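Sequences listed follow chains A and B, in order.
By this note's numbering, the letter at position 41 of the first sequence is numbered 41, and the numbering carries on one by one without gaps.
By this note's numbering, the letter at position 362 of the second sequence is numbered 529, and the numbering carries on one by one without gaps.
Careful: at least some of the hints might be erroneous.
[Said to hold, decoys possible] Listed next, the stretches of chain A that the computed footprint assigns to chain B, with coverage defined by at least 3 CB atoms under 8 Å from CB atoms of chain B:
1. 26–36
2. 68–78
3. 88–102
[Stated by the list, open to error] Derived Cβ-Cβ restraints for the label pairs, each shown as a range:
4. A:Asp163 <-> B:Asn217: 53 to 63 Å
5. B:Lys480 <-> A:Leu5: 43 to 53 Å
6. B:Gly396 <-> A:Ser43: 54 to 64 Å
7. B:Asp330 <-> A:Gly111: 46 to 56 Å
8. A:Thr146 <-> B:Gln288: 50 to 60 Å
9. B:Gly538 <-> A:Val159: 36 to 46 Å
10. B:Ile196 <-> A:Gly106: 48 to 58 Å
11. B:Asp193 <-> A:Ala11: 51 to 61 Å
If you are wondering where the hints come from, they were derived from the structure by calculation, not from laboratory data.
Please read all numbers here as calculations on a predicted model, not as lab measurements.
Glycine is no exception: its CB is placed at the ideal position from the N, C-alpha and C atoms.
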Amino acid sequence: MTTTLFSPALAARFDKLVTLYPVKRSALVPMLLYAQDEVGYLSEPVIAEIAERIGISELDVRNVISYYSLLRTQPAGKFHVQVCTNISCMLRGGNEILDHCKKKLGIPNKGVTSDGVFSLEEVECIGACSWAPAAQVNYDFHENLTPESIDKVLDDYRVKSRDGSAR
Amino acid sequence: MATLSTHPDCVPLVSCRFGKGATEIDRYIELAGYESVRKALALGAEGIINEMKASNLRGRGGAGFPTGLKWSFVPKQSSKPKYVLVNGDESEPGTCKDRLIFEHDPHSVIEGVIIAGLSIQARMGFIYLRGEYRYLLQIMERAVAQAYTKGFLGKNIFGSGIDFDIVTQTGAGAYEVGEESALMESLEGKRGIPRIRPPFPAVVGLYGGPTIINNAETIATVPHIFRIGAADYAKLGTERNGGTRLFCLSGHLNKPGVYELPMGYNLKKMIYEVGGGIPNGRKLKAVVPGGSSTPALTVDEIDIGMDFDQVGKAGSMLGSGGVVVLDETTCMVEFALRTMKFYRHESCGWCIPCREGTDWLEKSLTRLHNGGGVDQDIENIRYLAENMLGRTFCPLGDAAAMPTIAFVKKFRKEFEDHLDGKGCPKHYAAEPEPALV
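Assemble the whole structure, with the sequences as input and the hints as a guide.
Now the structure itself:
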């Protein structure tokens, strides 16, 4: 690629990624996720560049995006709060944690705060069943939650956002 | 971050290196790491498969298929390259065991992949982790890089003249990708739509080549079998159910956690002794024995050994090892509804019984739970679920139907208590009733 939307490190990673598999297209799902991590969401130009790198149509790329729940085509908050309410979490107060986050952040499920710092999503099982209720903020797990402890978690991220530390 | 729980009855085999710094390859080698692959190299392909058969190891993903037998189905001659694929797309609600393996002992997964590869003369393996497990992917990638540095992966591994590569892969959020054929589609960069079988992956799998697909726990167990010997491994468990497994205890328990216990361990003991019993002096109502897709067991059904055959005999499945415990305060309609909401969300929509069935079941259960149900709803729920069974490409349809049938059958009284406009006696904030159109 002569021009790229991605950082030199990510572009170099993508150049290597497509060579690892028997077919280039196997790099598609990881590329989409890593691109989203850097850019924030899968924008039109991101989709176009990835389609070109893999050598498939943009439609093909969109088709794949729509299947995977972590992939998004709209911006989320800088800190994406994902609260699990599946069975093991539900039994230990997952719904209450979700309700608490809605109130605290003042946004509904799938909402983004007006300052763009937080977004909230009710998610399916994240693999923290024995340490329920649990949530992920971006990729970080927060477990054995109570309304008090999730308050602390969110406050800490709020401070982080003011520090300007990256996602 | 995730830690193993222990109890005097635990048998630390797969977990024997957890918490001991074994993510570092030198430490792993100190703890007898990569010795099993040397033994396997000496045994050769046939020897490996015989050892695996003798171990009585059965797949830890849920179906419990004998691992050695699965490997033996891969044809010796193949015009296409053969592959090993590790399923670390752990997503079955109630299951959080593979996380511990990737976090604490990533080299055991690598070693297992190499041994599996040797048994079928594959030259490449893939380790697929769910997208949510980003920190584990980083641990796994680092471990793979270390193994390359040591010459355990790449060209001429262990000086054997054999080349073997491993690629780690991330998913991006999809329960269905945990199904073997959907997993292969995902790894090929597509939507995770299941493939019709036969042909099975052992014959036509990844990139059209013969493929071994195993759950991460199954693969991580392999080096331990070669470490202690298949006969000794088999003896840890029960008849036809060799070894130990990581049980994930969750829900209404005093000591939820992931515990490594022998196959066949008594479920009642698991709940009351290992898991510390039910909190707040409450009574047990039900147990989901092997992840959300397995039919719930009632209080009278839990005095059983937790192996594939005994749980099967009790009308459920050992599944993925996710034991979810429900106390007497749980509303079974709400629990059934939450389970169905999950399957509706995860259905890929490829086949109609699953796509439509999960949707209508969620609607019906929501209406019933909110007090808008009519008598016929309960029968309709049962009938709908029964008609999904065995009529879908992949087991997701069954996974949604099986628990639902059991909920209606075993807790019918609770469903009936929601009728006559009463709604849930326990629900704290009823949501608006959806229209059934």
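Taking 8 Å as the Cβ threshold, is the statement that the segment 68–78 of chain A is covered by chain B upheld or broken by the three-residue rule? holds (count 4)
Assuming the hint says 48 to 58 Å, is it satisfied by the Cβ distance from isoleucine 196 of chain B to glycine 106 of chain A or not? Cβ of isoleucine 196 of chain B to Cβ of glycine 106 of chain A: about 53 Å, so the range 48 to 58 Å holds.
Could you check the hint for me, namely that aspartate 193 of chain B and alanine 11 of chain A are 51 to 61 Å apart, CB to CB? At 34 Å between Cβs, range violated.
Pairwise beta carbon distance, lysine 480 of chain B to leucine 5 of chain A, judged against the given window 43 to 53 Å: Violated - the Cβ-Cβ distance for lysine 480 of chain B and leucine 5 of chain A, about 58 Å, lies outside 43 to 53 Å.
Within 50 to 60 Å or not, the Cβ separation of threonine 146 of chain A and glutamine 288 of chain B? holds, 53 Å
Given as covered by chain B, does the segment 88–102 of chain A meet the bar of three residues or more with CB within less than 8 Å? It holds, with 4 qualifying residues against the three required.
Given the hint of 36 to 46 Å, check if glycine 538 of chain B and valine 159 of chain A actually sit that far apart at their C-beta atoms. Holds: the Cβ-Cβ distance is about 44 Å, inside 36 to 46 Å.
Evaluate the given range 53 to 63 Å for the C-beta pair formed by aspartate 163 of chain A and asparagine 217 of chain B. Given a distance of about 59 Å, which is inside 53 to 63 Å, the answer is holds.
Verify the coverage statement for the segment 26–36 of chain A against chain B, using a C-beta to C-beta distance below 8 Å and requiring 3 or more qualifying residues. holds (count 7)
Looking only at beta-carbon atoms, does the pair glycine 396 of chain B, serine 43 of chain A fall within the given range of 54 to 64 Å? Hint holds: Cβ distance 56 Å, inside 54 to 64 Å.
May I ask you to test the hint 46 to 56 Å on the CB atoms belonging to aspartate 330 of chain B and glycine 111 of chain A? The hint (46 to 56 Å, Cβ to Cβ) holds, given that aspartate 330 of chain B and glycine 111 of chain A are roughly 51 Å apart.
Consistency with the previously given hints fails for numbers 5, 11, ordered from lowest to highest.
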